[in-house]
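Colleague: Read off the chains here:
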Amino acid sequence: MGIHFREVSHEYASYQVGDYQAINKITLSIEDENEFICLVGHTGSGKSTLAQHMNALIFPTEGEVEINGKVITKKRDKKVNYNLLRKHVGLVFQFPEYQLFEETVEKDIMFGPMNFKVSLEDAKIRAAEAIRLVGLNESYLRRNPFNLSGGEKKRVSIAGILAMDPDILVLDEPTSGLDPFGKRQLMELFQNIQKETKKSIIIITHDMDLVYEFANRVIVLNDGDLVYDGNEEDLFRKDELTTWALGLPETIKVLRRLKEQFHLDINPYQKTVDLAFEELKKVMNK
Amino acid sequence: MKNIVIGQFVPGTGFFYKLDPRTKIVSIVFLMIALFLLENITQLLIAFGLAVVMLIIGRLSIKRIVRGLKPIFVLLIFTFLFQIMFNQEGTLLVNQQMSLSYTSIAGILVITVLWRYLAHFKRFNFFLFLVWVAGVYFLLIYFHFGPTFAPFSLKVYQKGVEMSIFVVIRLLIIITLSTVLTITTKPTDLTQGLEKLLRPMKVIGMNSEDFALIISISLRYIPTILDEANKIMLAQASRGADFSEGKLKDKVKQVISLLVPMFIIAFKRSEDLADAMESRNFIPGKPRTRIYELKFNWNDLMTSIFTAACFALAIVLRVI
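From first to last, the protein sequence lines stand for chains A and B.
The numbering of the first sequence is the working numbering, which starts it at 1 and goes up by one.
The numbering of the second sequence is the working numbering, which starts it at 1 and goes up by one.
Keep in mind the hints are simulated off the structure, nothing from the lab.
Note that the coordinates shown come from a computational prediction; the quantities given were computed from them, not determined experimentally.
The hints are all genuine.
Take a look, some chain B residues computed to stay more than 12 Å from chain A by CB distance: (1) 133; (2) 145; (3) 172; (4) 219; (5) 248; (6) 283; (7) 304.
Label pairs and their calculated CB-CB ranges: (8) 128/A <-> 248/B: 26 to 36 Å; (9) 128/A <-> 128/B: 55 to 65 Å; (10) 146/A <-> 250/B: 17 to 27 Å; (11) 283/B <-> 272/A: 47 to 57 Å.
Even for Gly, the Cβ is constructed at its ideal location relative to N, Cα and C.
Start from the sequences, fold in the hints, and give me the full structure.
Modeller: Structural data, given as structure tokens:
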């Protein structure tokens, strides 16, 4: 099962600038379980378009996407219930403002499950479970979603998708607009969710520090082409990084600089500040 | 939604792009009045020829204008049919007895289904429609087995045919004119032109600047809001909202799930815009300068003369 892209292209028709190819012949596979994927690429590289193909919100203009065994092509197939695919793959949009609408957080989280014919009692249980998973306590359930802070809104919108109990969770820039602490907290949250539920998680992000620390698979898009699909260790050893408009994580940058400047014998590929510190201490003690 | 041409600016270079928006607006108003002064079909056909020449001079793609006519095609057909059926002057051209029967109703249903099915293939769409109309016509006359009821007669008069062609051509010219205006004029230029033209209205207490600002902001935000609506729809669809199926109760809920974020985002945007304008020292009612001032040049003069000539000719023809 899972999601399989086969030579998928998507072209947006635009009246004023002409047709515009957002993604170009992409082939990739995503499993149902135990994946923690970061999808990176510069602005306008087609990340969001790719993400929207993952739960059949938009259709490929060429090629086919297979989601949970159902094949999606250019043409709408009446036999396929596209709505059910969205239960299988949950997509959280970048801005929570696009989806929050109810008067209480609980009702808003219940909207998703109720659309998939979950009973009222079950939906309530799921809402409580989901709000716990995103790290908020149950008192939030009775609050008005419009009076929450940006970070809390984001968590509630993620809970709204989690309550649908999807096998694969896709998040479009969940860390944008948060402070560094909030970003880290959210990423740790996803890691916990992943460990706890074994769901596959796909995250679109620009933050290379987070990619290096959390991802176990990275997909890089550049101008609509898939240019890299592999683990995070190899990615940052590649020279093409700058041509893909990606930077290095801060730890690698600092350690590399130190290595060059003082001719230290260290391994600059350290995922966290703590690990980098340990590495430096080792050299210092020598 | 992306194929609607009316009310959409298409970048380009050509005669009409270089004109002052004021000239364009005034000319089009006068040309339309002139159009309504015309009385017989030959004059109108000449006007139609002039409109086509205008498109060629402006190097505008006729295909694009025709594509823009598609949404109002139904309106054109209805106008045509109405005129042809209800105008009862002049000599009688066709007098056809018709009636309904079970077989003819069944036949109409069958060809309607067939027509809609074939229309899925998208090609020869208009041709199919004509075939359908002809089919219905013949079924109503000849296809009767068993009892017939509700007899009526289809009467077409000479004047009716003339008037229907007349009205349709007039509509076509009007739409072509307004499409030329909107295709070649940026919304901002259009409102600036309107603002300048409506300035004398200040005497009766209407501030043309405010008016122009309101129009330009609303025009500016139509695509933005559409874009937002689309995103909200995707976000809710991704939570299982199905806007096409389901019971009425579910549907109401799903529409609400669209409307609430829509309003919140629209209000938020308008507040942000107000802040952004104020921080750039916009004060309502105070005079403002423009980066691009409108200029009246030779092209405008020529267009004005052409318009005046057409208008005068139309009046003369009407009076004689």
